[in-house]
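Sequence order for the protein chains is A and B.
This note's numbering applies: residue 586 is where the first sequence begins, and numbers increase by one.
This note's numbering applies: residue 36 is where the second sequence begins, and numbers increase by one.
Where hints are given, some of them may not hold.
Stated by the list, open to error - No farther apart than 25 Å at their CA atoms in a straight line, the calculated lysine to aspartate or glutamate pairs in the DMTMM-like style are these:
#	chain 1	residue 1	chain 2	residue 2
1	B	LYS128	A	GLU1327
2	B	LYS128	A	ASP1324
3	A	LYS1033	A	GLU651
4	A	LYS1159	A	ASP1171
5	A	LYS1159	A	ASP1239
6	A	LYS1175	A	GLU1411
7	A	LYS1252	A	ASP1239
8	A	LYS913	A	GLU651
9	B	LYS128	A	ASP1141
10	A	LYS1175	A	GLU1165
11	B	LYS128	A	ASP1183
12	A	LYS913	A	GLU1327
13	B	LYS128	A	ASP1190
14	A	LYS1033	A	GLU1051
15	A	LYS913	A	GLU1000
16	A	LYS1335	A	ASP1019
17	B	LYS128	A	ASP1239
18	A	LYS1252	A	ASP1324
Honestly, the hints are just simulated from the structure, not real lab data.
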Amino acid sequence: MAPTIVVVGHGMVGHRFLEEAVARGLHETHRIVVLAEERRAAYDRVHLSSFFDGASTEDLALSPDEWFLDHGIELALGEPATELLVHERTIVTAAGRRIPYDACVLASGSSAFVPPIDGHDAAGCFVYRTLDDLEAIRAWASGASAGVVVGGGLLGLEAANAVRLLGLRTSVVEMAPRLMAVQLDDGGGRALRGHVDALGIEVHTGVAVAGVATTPDGRVAGLRLGGGEDAAERTLPAELVVFAAGIRPRDQLARVADLPVGERGGVVIDDRCATAAPGVYAIGEVACHSGRVYGLVAPGQVMAEVVADQIAGGGLTFAGADLSTRLKLLGVEVASVGNPHAEGHEIVVSDPLVGTWKRAVLDDEHRLVGAVLVGDAAPFGHLVSALRTGTAVTDALAMLSPPPVGGAAGPMADEASVCSCHNVCAGTIRGAVDDGHEEVPAVKACTKAGTGCGSCVPILQELIDEQLAASGRAVVRHLCPHFAMSRAELFDVVSVTGIRTFRELVERHGTGRGCEICKPAVASMFASLASGYILDGEQASLQDTNDHFLANLQRDGTYSVIPRIPGGEITPEKLIVIGEVARDFDLYTKITGGQRIDLLGARVDDLPAIWARLVAAGFESGHAYGKALRTVKSCVGTVWCRYGVQDSVQLAVDLELRYRGLRSPHKLKMAVSGCARECAEAQGKDVGVIATERGWNLYVGGNGGMRPAHAQLLAEDLDTETLVRSIDRYLMWYIRTADRLERTATWQRKLPGGIDQVRRVVMDDALGIGADLEADMARHVESYECEWTATLNDAERLSRFRSIVNDPEGAPLPTRVEIRGQRVPE
Amino acid sequence: MSRVPDAALDVAARNPDALGAGRWEGVCRIHDLTPDRGVAALVDGVPVAVFLLSGGELLAIDDLDPFSGASVLSRGIVGDVAGEPTVASPVYKQRFLLRTGRCIEDPSVSVVTWPVRVRGGRVEVAVP
Ligand code: SRM
Ligand SMILES: Cc1cc2nc3c(=O)[nH]c(=O)nc-3n(C[C@H](O)[C@H](O)[C@H](O)COP(=O)(O)OP(=O)(O)OC[C@H]3O[C@@H](n4cnc5c(N)ncnc54)[C@H](O)[C@@H]3O)c2cc1C
Ligand code: SF4
Ligand code: FES
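Using the sequences plus the hints, can you model the full thing?
The structure is reproduced here in C-alpha cells:
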C-alpha cells in the first residue's frame, strides 16, 4: 500500500501544503488524506472580510472541487481529527475512523481568543475567524442597531469595518493605549485612528472590558467597560459583540499526545518543521518556531513548502520569518518593517492633514532597524530591502518619501520583499520577467506574488516595467492587435501628426482594418481633440452602436433616450414635454441614478421624431450613450436648503454646460454639494465639489460601480475660477494619458505618486503643461454642439436612422408585456 | 461579391435549387451603404445584415444575434481578426467571421451567410 500522509486542518496553510505536495508529485507516490473540521474546503481567510463587500463563498475558495479529485486527494470535510496516537502513528477522527500515517501534518491553525468575562457566551457574542462566523454575524446584525468589537488590532479593525458595513453603529474597545499596538508606534496609531474616526467608528483605547451586559433572556445588551485609564464603569449599549482580541493556536491534539508546546501555546517545531514525534510536522498558526507563533499567512506558507520538500526527500528548512507586513485596512495603507518599537535615531515624516505617519529608526551605524508607515506604504519595498541588506542609509528622508518613478531611492534590491503574503522578493519577479512573463497576470501565475491580499500588484507592475526596460524590451500595453501601442501613446500620435481619419492612422501606425476595440477608442480621441460632429464621413463606421444612433442599445434591440437635464434641475414645462413624448411614442420612463429621466424602448426609426420634439422643447443630447460627461449631480444648496453655504445648483449647471459632450477614455460623472452634508454624493464621483464657507473643496477620482472608490481631496477653498481651471486641467490630463475604458479612479490609483502627483501637475503645474491642457479644454467648450440638433438639421445624417433599409416602416417593435402600468420587453 | 456566375442567373431564377442560391432580391442602392458598416434588409421576411467592406467586398449574414435574440448584427463594428473580416455584436460583443458566419468566441455557434452582389448599382441578396 502507498505510504499515507494525513493533513489535519484544511485552512490556508494546509491547502498550500497540498499544492506544494502536488508540485513535487507526492500525490502520485502517497495516499493523501485531509481531515477538515469546517464543512467547506479551504478558502481565503485573509480576504474573509470581502464577504461583506459582496464576495461569495465561491470567490473565496482556494481551489475548485475538481482539483482534489484530479489529484486523488481525499478531502474529508466536517470530519475533524480527535486524537493523535504518536506511538501507533495513527490519527483518530470524529467519525471514528483510525487512519495510520507515515507522515502527519498538523495544520489546525488557531482560534479566536474569547476573554473569560461575564456574559462572554451570551446570544449575540461572536468571533471573527470563519465563514460560518461571518454568516452568523450577518444574520444577527439584521436585528441590531449597534455593535462593539473587542480588540483594536488588525482583526478587530477588520471586524469593526464589517460591522459598520452591515449598517450598525460601531465601536472598538482596545485595552492598549493605541490601535494596532503590536505593529504600530504611537504616531502611527494616532494617524490610523484619524482614519478610523473619519469612517464614523467610535474608538475607545486604554479601556478594560468588565463584562457583557445581557437582557433577562440572555441576549447581548451592551459591553461593560471599567478600569484602565477611565476607571469609572459604564456600558456601551449594543446588541452584538465581536471578540477579536487575539488568537490561540489549536494545539490540543499535540498537548494530549504530550508533545512539547510553546510558552504561549503552539506545537514546538524545529527548522524542518518537525515536532518531537516521528513523522509529525506542524505548520502555520498552530506551530511554534524558536518560541514564536506567527499570526500571518506568509510564514505558514513557507513552512508548508518546507514540509512538502522534507517528505519528498529534500533539504529545505525554515529559518524564521521577518514580521514586516504591509496591509490595507479600512482603505488605509499600513505597514511595519523590522522592529517597529526599536529605539535609535528617528526620522519622521508626518502630515496630520492627510493622515500620514512614516517613521524609520536607524542604529548608530545608520542601519535601519524598524519602521512604521500609515497612510502611505509606498516606501515599504525600499525599507524592507534596506533592512535585509543591512547597509547604511544615506538619505533616510528620501527613503520615506520616494519620488514617484525611479529616482533617488534607487531600484529595489533583489532580496527586497515585494509580496509579503507569499514571500516573493524583487529578484524572483525580475527572473520571471526574464523568463518571458511580461504581464502582471503571467507573473502572478508563476510566482504567486500578488495573489494574496493584492496590495503589492502596483509594485509588481512597476518592477515588470523596469525590468523590461532594463533588458531593452519595450514596455508596451497594446491597445489591441491592430495598434502595438498604448492608448496614451496612440493619443500622442494622433495629437502630434494631426491625422484625423482612422484609415490613415491604421495604415501608417497600425495593421489590418481595426476592430471593435480600437475603432471607438480612436473615434473618441478624434472627438476629444477636434470636437467635430462624431458621425461625419468615415467616423460613422468607427462608433459603436450607441454612438452611431446617439442612443443606448437595450437588450431587445431598441434604444433609450436620455435628454440632458443639467444639474438635475428641470422646469415643469419640460417635464410635461418629456411626459407627452413618452406617452406618444409608447416609451417606458424611469428616473435614473444620475438625476435625469430615461425614456426606454424606442425604435431606431422613431429616434429622429422623438428628438425633434425634445429639441424643440429646448432639450439637448444627454450623451448617456457616449464615453463622455454624463451628469453633474447637484443638491438644492443655498437656494432652498437651510444648511447650504454656496449655490451648488448654479455651479452644477455651469459645470455640466461646460463639459457636456466632452469625449474621454471612459464616462465621466461629477457632483456638487452645497455643504459638507454631501447630499449630492460628490465624493463618489470622478470630479466632486463640496461647498465650504470660503469657496469649494475639489475631490477627484471617485467611482461607484464595481469597485467603489472614494474621491481624494485635491484642493481646498478654491474660488470658482480656480476651481474650473483645475477641473479643466485634471480632465484633459486624464484624457491624454489614461488607458482605454479606464475610469479616473483606476487611472489615479495607477499613476506613480497618485494624488500627490495629480496635485503637482494640476495645482502646481509641475510639468508646465497647464496652459496646453486649458487650451485643449477651451477648444472643446467653443466647438461644442448638440449632436442631436446637428443630426436633425441634416437630411443625410437623418437617413441613417432606418432599422430596415428596404422597408420604410422599419422593424416592428419587439413583443411587449405590461408591468406596473408601463410596457417593457418580454 | 457573388459567387454565382452571371450566365446562370436565368436558370437560378427558374430553378432556385440549381445553384444553391435562388432568386436574387434587390435590397438597396450601393450608395446606401457606408464602408465598414452594415445595414439590415428584409429578404423573404428574414432580416439580413449586409456589409460593404472598405476594400469593396460585399458580405451578408443573418441580422439576428444568436446570443441576445435581438436583430442587431448589422449595427456592430466591422473589424478583422488576422485579416479575416468580422463584425462584433453590439449587445454582448461576440465576433462573427463575415465570410463564414462562425462565431470566434464560441465556435459551436454560427450564423447563416447569404450570397450578395451588385447589379446596376443595386445590392442584391439571393433568396434560398
Ligand atoms: C440608466 C441608468 C440606471 C438607472 O435607471 O438609474 C444606468 C444604466 C446603465 N449603466 Fe449605469 N446607469 C445609471 C447610473 C449609474 C450610476 C449612478 C450615478 O451615475 O450616479 C453608476 C455608479 C456611479 C459611477 O459610474 O461611478 C453606474 C455605473 C455603471 C457602470 C460601472 C462603471 C464602473 O466604473 O465600474 C457601468 C458599466 C460600464 O460603464 O462599463 C454602467 C453601465 C450602464 C449601461 C450603459 C449598461 C449597458 O451597456 O447597457 C446602462 C445603459 C443605460 C441606458 O440608458 O441604456 N453603469 N451607472 C443610470 C443612468 C444615469 C444617467 O442619468 O446617465
Ligand atoms: C479576518 C482575518 C483577516 C486576516 N488578514 C490577514 C492579512 O491581511 N495578512 C496575513 O498575513 N494574515 C491575515 N490573517 C491571518 C491568516 O488568515 C492566518 O495566518 C492563516 O489563515 C493561517 O492559516 P492556517 O492554515 O495555519 O490556519 P487556518 O486558516 O485557521 O486553518 C486551520 C483549519 O484547521 C481546522 N481545524 C482545527 N482543528 C482541527 C482538527 N482537529 N481537525 C481538523 N481540522 C481542524 C480549522 O477549522 C481550520 O479550518 C487574517 C485572519 C483573519 C481571520
Ligand atoms: S448637501 Fe448641504 S446644502 Fe446640499 S441639500 Fe444637503 S444639507 Fe442642503
Ligand atoms: S503582498 Fe499580499 S498579495 Fe502580495
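Hint check:
In summary, the hint linking LYS128 of chain B to GLU1327 of chain A is supported, as the alpha carbons are separated by about 18 Å, within the 25 Å threshold. With a C-alpha separation of about 20 Å, the suggested pairing of LYS128 of chain B with ASP1324 of chain A holds against the 25 Å cut-off. Distance hint between LYS1033 of chain A and GLU651 of chain A is fulfilled; the C-alpha atoms sit about 21 Å from each other, no more than 25 Å. In summary, the hint linking LYS1159 of chain A to ASP1171 of chain A is supported, as the alpha carbons are separated by about 18 Å, within the 25 Å threshold.
At most 25 Å may separate the alpha-carbon atoms for a hinted pair to count; LYS1159 of chain A and ASP1239 of chain A meet this at roughly 19 Å. For the hint pairing LYS1175 of chain A with GLU1411 of chain A, the CA-to-CA distance comes to about 18 Å; that is within 25 Å, so the pair holds. The suggested pairing of LYS1252 of chain A with ASP1239 of chain A holds, with an alpha-carbon distance near 19 Å, which does not exceed 25 Å. Note on LYS913 of chain A and GLU651 of chain A: the hinted pairing is violated, with a Cα-Cα distance of about 32 Å set against a maximum of 25 Å.
A threshold of 25 Å between alpha carbons decides the hint, and for LYS128 of chain B with ASP1141 of chain A the separation of about 15 Å falls inside it, so the pair holds. Distance check on the hinted pair: LYS1175 of chain A and GLU1165 of chain A sit about 14 Å apart at the alpha-carbon level, within 25 Å; holds. Restraint check: the Cα-Cα separation between LYS128 of chain B and ASP1183 of chain A comes to about 24 Å, which is no more than 25 Å; the hinted pair holds. Only pairs whose Cα atoms come within 25 Å are accepted, and LYS913 of chain A paired with GLU1327 of chain A is accepted, the gap being roughly 22 Å.
Taken as a hint, the LYS128 of chain B and ASP1190 of chain A pair is honoured in the structure, with Cα atoms around 23 Å apart against an allowance of 25 Å. Our distance criterion of 25 Å between C-alpha atoms is met by LYS1033 of chain A and GLU1051 of chain A, whose separation comes to about 19 Å. Using a Cα cut-off of 25 Å, the hinted pair LYS913 of chain A and GLU1000 of chain A holds, with the two alpha carbons roughly 23 Å apart. A C-alpha spacing of about 23 Å is found between LYS1335 of chain A and ASP1019 of chain A, which places the hinted pair at or below 25 Å, so the restraint holds.
In summary, the hint linking LYS128 of chain B to ASP1239 of chain A is not supported, as the alpha carbons are separated by about 36 Å, beyond the 25 Å threshold. The straight-line distance between the Cα atoms of LYS1252 of chain A and ASP1324 of chain A is roughly 13 Å, inside the 25 Å bound, and the hint therefore holds.
The structure is inconsistent with the numbered hints 8, 17, although it conforms to all the rest.
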